[in-house]
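Engineer: Quick note, in the numbering used here, the sequence shown goes up one by one and the last residue is 417.
Bear in mind the hints are in silico, worked out from the structure with no lab data behind them.
Careful: at least some of the hints might be erroneous.
[What the hints assert, rightly or not] Calculated pairs, BS3-like style, for lysine-lysine (alpha carbon to alpha carbon, straight line, at most 25 Å): (1) Lys-294 <-> Lys-247; (2) Lys-387 <-> Lys-294; (3) Lys-216 <-> Lys-387; (4) Lys-356 <-> Lys-216; (5) Lys-247 <-> Lys-130; (6) Lys-387 <-> Lys-356; (7) Lys-130 <-> Lys-356; (8) Lys-387 <-> Lys-130.
[Said to hold, decoys possible] Listed next, with one range per pair, are the computed distances between beta-carbon atoms: (9) Pro-212 <-> Glu-412: 37 to 43 Å; (10) Lys-294 <-> Asn-182: 45 to 51 Å; (11) Asp-330 <-> Val-103: 29 to 35 Å; (12) Gly-133 <-> Asn-248: 33 to 39 Å; (13) Phe-292 <-> Pro-212: 33 to 39 Å.
Only a predicted model underlies this, so the values are computations on that prediction, with no experimental measurement involved.
By construction, the Cβ of each residue, glycine as well, lies at the ideal position given by its N, Cα and C atoms.
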Amino acid sequence: MEILNILILLVFPAVAILIAQRIPALNAIILCYAAGILIGNTVPEYVAHDTVRSIIEVMVVLALPLLLFSSDFKGWLKNPGMMLKSYGLLLISVTIASFVGFFAFNELADAPTIASMYSGVISGGTPNLNAIGIALNAGDEMFVLLNGYDVILSGSYFFLLVSVARPLLSKILPTKEKGEKKKEVPLQFQNVTLKSFKGHLKNVVVALLWGIGSVGVTIGLSFLFFNELNALFVVVGASSLGILFSFNKRMRALPLTYETADYLLLIFAFGMGTLAQFDKLVSSDWRSFAMCAIIFGVMLILHISLSRLLKIDTDHFMISSTAGVFGPPFIGPVANATGNQKLIAPGVAMAIFGNAVGTYLGILLFEIFKNL
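Build out the structure end to end from the sequences listed, making use of the hints.
Structural biologist: Here you go:
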C-alpha cells in the first residue's frame with residue numbers, strides 16, 4: 046500500500062499537468078488539491094497517512110531552494126518598498142483580527158492558544174503553527190485540529206487566489222503602479238514537454254543536487270544547534286541558501302529549475318489534499334473553527350481595506366497575502382496567476398521574514414491574551 050501511495054503521489058501531478066495543458070481553464074495545482082481532497086475523504090483507508098506526510102514534507106522543503114535559484118533578488122533589493130508596505134499591512138490586519146476572534150470566543154478555555162497559534166499561521170505559514178505550538182506546549186491534538194481548520198480556510202482562499210481573485214480584486218485595488226510594465230509569463234508548465242525536459246535533464250539534475258545539498262546543510266545545522274530536526278529552522282535555512290545561490294548568474298540561468306520546483310509543489314498539494322479529512326473536524330467544538338474563521342475573514346477584509354487606502358496594487362496585495370497565509374512554497378503558483386513573475390523574489394523574501402515574525406507575533410499575542 047505504501048509503495049502504491051508513493052507512486053500515485055509522484056505520478057499524478059504529471060497527469061494534472063497534461064490535463065491543464067489540454068484544458069487551459071484548469072490549473073494543475075487546483076487539480077492536484079481537488080483530487081487529493083476527493084481521495085482523502087472518499088477512500089481514506091487507502092491513504093498511508095504517515096508515508097504521505099513524510100513525502101510532502103521532503104518535497105516542500107526541497108522545492109524552496111529550487112524555486113529561488115532563478116529569482117533576481119539583487120534587482121528586488123534596489124526597491125523593496127511596495128512589498129514591504131503591503132506585508133506590514135498584513136501584520137497589522139492579523140493582529141487586529143486576532144483580538145476580534147479572541148474576544149468573540151474568549152469563553153473557550155483554549156481561546157488564547159487558538160487565537161495566538163492561528164495568528165502565526167496566517168502571518169507566516171504552517172511552520173509557525175508548529176513552532177508556536179511547541180513554545181506554548183499546546184500538544185499534538187491542538188496542532189492537528191488547527192492544521193485541519195487551516196486546510197479548509199486557507200485551501201479555499203488559495204483556490205480563489207489562483208482562479209478568480211485577480212479580476213475581482215482589480216475592481217477594488219489598482220491593477221498596477223503607474224509606469225510599471227506588466228511582465229507576461231506562461232501558464233504553469235504551458236511550454237514544458239517531455240522532450241524539452243529531457244533536453245535539459247543534466248541541468249535539472251544539477252539543480253536538484255544543489256537543492257538537496259542546501260536542505261542537507263540546514264538539516265545538519267539543525268541537529269548541531271538544536272539536537273533535533275527543527276522544521277522552522279530547516280525551512281528558513283533552505284530558503285536562505287536558495288536566495289544566496291540566486292546571486293550567482295550561472296545558477297539563475299539553469300533551465301527548468303522553476304518548473305522542477307513547481308512539480309515538487311504539485312506533489313505537495315496532492316498529498317496535502319489527501320490528509321484533509323473533514324469528518325475529524327466535524328466532531329470538534331464548532332466555536333474553535335468559528336474563531337479561526339473570524340480571524341481569517343477579518344484579516345482579509347482589513348488587509349484589502351488598508352491596501353485600498355494606501356493604494357497597494359492588486360499583484361502586490363496577492364503576493365504579500367500569499368507570503369503571510371501560506372509561506373514561500375505557494376508564491377510561485379500565485380505569481381503565475383498574477384502574470385507577474387518578478388514578484389516571486391520579494392514575495393519569498395517577505396514569506397521568509399514572516400516565518401520568523403509570525404512566530405514571535407503568535408507568542409506575544411498569547412502572553413497578552415492569557416492576561417485578559
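Engineer: It remains to establish, for every hint, whether it holds in the given structure.
Structural biologist: Now the hints, each set against the structure:
1. Lys-294 <-> Lys-247: 18 Å, holds
2. Lys-387 <-> Lys-294: 16 Å, holds
3. Lys-216 <-> Lys-387: 22 Å, holds
4. Lys-356 <-> Lys-216: Answer holds: Lys-356 to Lys-216 is near 13 Å, not above 25 Å.
5. Lys-247 <-> Lys-130: Cα-Cα ~40 Å, so violated.
6. Lys-387 <-> Lys-356: This hinted pair holds, its Cα atoms lying about 19 Å apart.
7. Lys-130 <-> Lys-356: Holds - the C-alpha atoms of Lys-356 and Lys-130 are around 10 Å apart, at most 25 Å.
8. Lys-387 <-> Lys-130: 17 Å, holds
9. Pro-212 <-> Glu-412: 37 to 43 Å: 42 Å, holds
10. Lys-294 <-> Asn-182: 45 to 51 Å: Hint holds: Cβ distance 47 Å, inside 45 to 51 Å.
11. Asp-330 <-> Val-103: 29 to 35 Å: Given range 29 to 35 Å: holds, Cβ gap about 33 Å.
12. Gly-133 <-> Asn-248: 33 to 39 Å: Since Gly-133 and Asn-248 have Cβ atoms about 38 Å apart, the given range 33 to 39 Å holds.
13. Phe-292 <-> Pro-212: 33 to 39 Å: 36 Å, holds
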